[in-house]
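S.K.: As you go down the protein sequences, you meet chains A and B in turn. Take my numbering: the final residue in the first sequence is number 225, and no numbers are missing along the way. Take my numbering: the final residue in the second sequence is number 525, and no numbers are missing along the way.
Don't read these hints as lab results, they were simulated from the structure. If you're wondering where the values come from, they're calculated on a predicted model, not measured in any experiment. One or more of the hints may lead you astray.
To be verified - Pairs of lysine to any residue, SDA-like flavour, derived with a Cα cap of 25 Å:
{"no.": "1", "chain 1": "B", "residue 1": "K359", "chain 2": "A", "residue 2": "D131"}
{"no.": "2", "chain 1": "A", "residue 1": "K102", "chain 2": "B", "residue 2": "E317"}
{"no.": "3", "chain 1": "B", "residue 1": "K359", "chain 2": "B", "residue 2": "G505"}
{"no.": "4", "chain 1": "B", "residue 1": "K359", "chain 2": "A", "residue 2": "K180"}
{"no.": "5", "chain 1": "A", "residue 1": "K77", "chain 2": "B", "residue 2": "D299"}
{"no.": "6", "chain 1": "A", "residue 1": "K77", "chain 2": "B", "residue 2": "L343"}
{"no.": "7", "chain 1": "A", "residue 1": "K218", "chain 2": "B", "residue 2": "A354"}
{"no.": "8", "chain 1": "A", "residue 1": "K77", "chain 2": "B", "residue 2": "G505"}
{"no.": "9", "chain 1": "A", "residue 1": "K180", "chain 2": "B", "residue 2": "A354"}
{"no.": "10", "chain 1": "A", "residue 1": "K180", "chain 2": "B", "residue 2": "L333"}
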Amino acid sequence: MRDRTAFRTLYERTSAKLFGVTLRILKDRSEAEEALQEIYVKIWQRADRYVAGNYSPISWLVAVARNHCLDMLRARRPVSDDIDVALEVADLAPDPEQAALNSNERSRIDHCLAELDDDKADAIRGAYLDGYSYDELAERYGVPLNTMRTWLRRSLLKLRECLSA
Amino acid sequence: MSVSGEDSNGRDDDKVLVGEFALALLDAAEHERVARRIAAEPALAAELQLWQSRMQSLDREFVETPPPANVFAKVESRLFGAAARPSAAARFWDNLALWRGLAAAGLAVAVIAVGFNVLRPAPDSAALANQLVASLEADGSDVKFVAFYNEASGAVRLVSLGGKQVPDKDYELWYIQGSQAPVSMGVIPVDARTNIPLDPKAQASIKPGTVLAVTLEPKGGSPSGAPTGPIVAKGAATAI
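Could you put the whole structure together from the sequences, leaning on the hints where they help?
M.R.: Here is the structure:
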């Protein structure tokens, strides 16, 4: 009974955020509801894999939800070779030095994305928040796949340099 | 396995590759290949962590949207349903499919009584406590519940056997003693099991003959504290 109460509390505090994730990435209400169920089952059964550290519980949960949805999308795309990486973030030992950086990160990502061309920054946001693949991004921006890939790889390198500067 | 970390171009390539991985841009086969490298190479794991910790600032853009209420009930029953329960009696109680089958046969109350007596382990304090059961239904309504009250636990367990959620409405459970005013036990879900802990006053009030009733109320329950909607199911508590 204590577990049930604990689960209800977890669900009440986090389900709106995680449903926001599944809706945004899957873009289909009934799929998003179905995925949300799977995600909570996964979270609850493997809650021991959450490692306290500089990942706050909510960002860990968002990462699990996002990865679950991305796994679903990836499995549907060409070249399907399923692998369970949904919980990979939990397996990485947190780096305590980053805790201090977290408060600056919000402005940092905004600042660094702002240094890129607008459409490239949007494409990176689209990949992270909407789960768009290179194919989908190429189509959205009306450029050939290879062009999109080259674009984005260059932008990622630039972004990476700014993020660690 | 990797020779790409040897020069600065290789390092840049790896940084970008892990960035692509973190953004989920890679196809399934490449994604898996990179996942294996990350697991094997601490430098790449650190790189992934950097990407994740920076990118997760964008998580604020996922807009909070409350999921429909039935999602919780489904997850809860998957996590805490039949398989998770320790005792035979509890498993029996938790088996919603079983209950639905019993309701269809019209035997719910009789079978609960038999079921609990048969499945109850050797007498203990719980077994000696008062246990009551009520089958809640009404003519012209497909809403059906079975309620079980165990004095030792001080809680009513309620199983929904029939009826559908009505848009913008909630079902509310009441107990009624003799000619006194109904007392609310709260809003209850359909298509789920519910455990309703009772306050001491309610615990003392529920006896054989106490009537339990379900009414259809505005969302969130009766605004006045007294029933406002039609009774869709009711029944008297019977000792087991």
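S.K.: Checking against the hints above, which ones are violated?
M.R.: 4, 5, 7 and 9
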